[in-house]
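Note that this note's numbering gives residue 120 to position 85 of the sequence shown, counting from 1, and the numbers run on in steps of one.
I should point out that these hints are in silico values taken from the structure, not numbers from a laboratory. Take these hints with a grain of salt, some might be off.
[What the hints assert, rightly or not] Here are the simulated lysine-lysine pairs, BS3-like style, with alpha carbons at most 27 Å apart:
no., residue 1, residue 2
1, 145, 175
2, 131, 175
3, 227, 175
4, 131, 145
5, 160, 93
6, 93, 123
7, 124, 93
8, 160, 124
9, 123, 175
10, 93, 145
[Stated by the list, open to error] What follows is a list of derived Cβ distance ranges for each label pair:
no., residue 1, residue 2, range
11, 64, 92, 16 to 26 Å
12, 234, 124, 46 to 56 Å
13, 164, 227, 34 to 44 Å
14, 124, 74, 14 to 24 Å
15, 234, 137, 20 to 30 Å
16, 115, 245, 21 to 31 Å
Even for Gly, the Cβ is constructed at its ideal location relative to N, Cα and C.
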Amino acid sequence: MRYMIMVFVTLLLASPAYGQSGWREGWVPAAEVERAVQQLRTPLYQCYTAHVPAASRKHGDVATLRVVVSEAGSVFRVDFLEGSTRSKKFDGCLRKLFAGLRFATTPTEKTSFIQRLGFQNGSAKMLIEPPRAAGGAITKESVEELARAHHAQIDACYRTSLAANPNLRGQLLVEIIVDGARGSVTQARVVKATMQSPETEACVLSTVRSFVFPIPEQPDIVIVQFPLTFVDDQ
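Using the sequences and the hints, build the whole thing.
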């Protein structure tokens, strides 16, 4: 069994080609960035305890930063996409730590990445997510890449419905709205269906809502439409 994918994207900005994670070949390697951020665990937690009141720390905190690394391997810009509302000093402390990063690999072009941090009592409980690529645009290729990455889940949606209806065939035209500031899908719906299978529709929409795109330098709300054609080739 298989499904075929054709993709077209509206409100699209041109962008260079990306690898599977959205990381460009000319950037500081993602593994090097992740190692450098992990080494900040202790001072990051010290920022948290120094500038967030103990009463507030019971509830935890989250910070999401966009970090831009120059061709010299040093950080020249740090922006908050999501930051503490409890302490400007906390935000400033985090910003200073990231601004002080230096990388051994000299990139051929600036490296832009998103770093999300989750704080709780105890540095061992801190969540330091792997860095995510920033700086591109949502492209036809990025949509196709995510669809391929989720092939098994989408195919499983079809196979489950096909077991109940062996003659099930057709196409779903899926529309998603992507929040460019976070790369996440905020809405998903079926615009048109040539197959009568609410179960398949619901399952596919649940899967595409989990898509996460590289975050562009100038984030916009992007509408993406792509048809999925389901055919039993057995």
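Hint check:
1. 145 x 175: Answer holds: residue 145 to residue 175 is near 23 Å, not above 27 Å.
2. 131 x 175: violated, 37 Å
3. 227 x 175: holds, 20 Å
4. 131 x 145: Roughly 19 Å separates the two Cα atoms, so the pair holds.
5. 160 x 93: Answer holds: residue 160 to residue 93 is near 13 Å, not above 27 Å.
6. 93 x 123: holds, 18 Å
7. 124 x 93: holds, 18 Å
8. 160 x 124: holds, 22 Å
9. 123 x 175: violated, 39 Å
10. 93 x 145: violated, 38 Å
11. 64 x 92: 16 to 26 Å: Violated, since residue 64 and residue 92 (Cβ atoms, about 34 Å apart) do not stay within the stated range.
12. 234 x 124: 46 to 56 Å: Holds, since residue 234 and residue 124 (Cβ atoms, about 52 Å apart) stay within the stated range.
13. 164 x 227: 34 to 44 Å: holds, 36 Å
14. 124 x 74: 14 to 24 Å: Holds, at about 22 Å.
15. 234 x 137: 20 to 30 Å: For residue 234 and residue 137 the Cβ distance comes to about 53 Å; the hint is violated.
16. 115 x 245: 21 to 31 Å: holds, 25 Å
Going through the hint list in order, the structure does not satisfy hints 2, 9, 10, 11 and 15.
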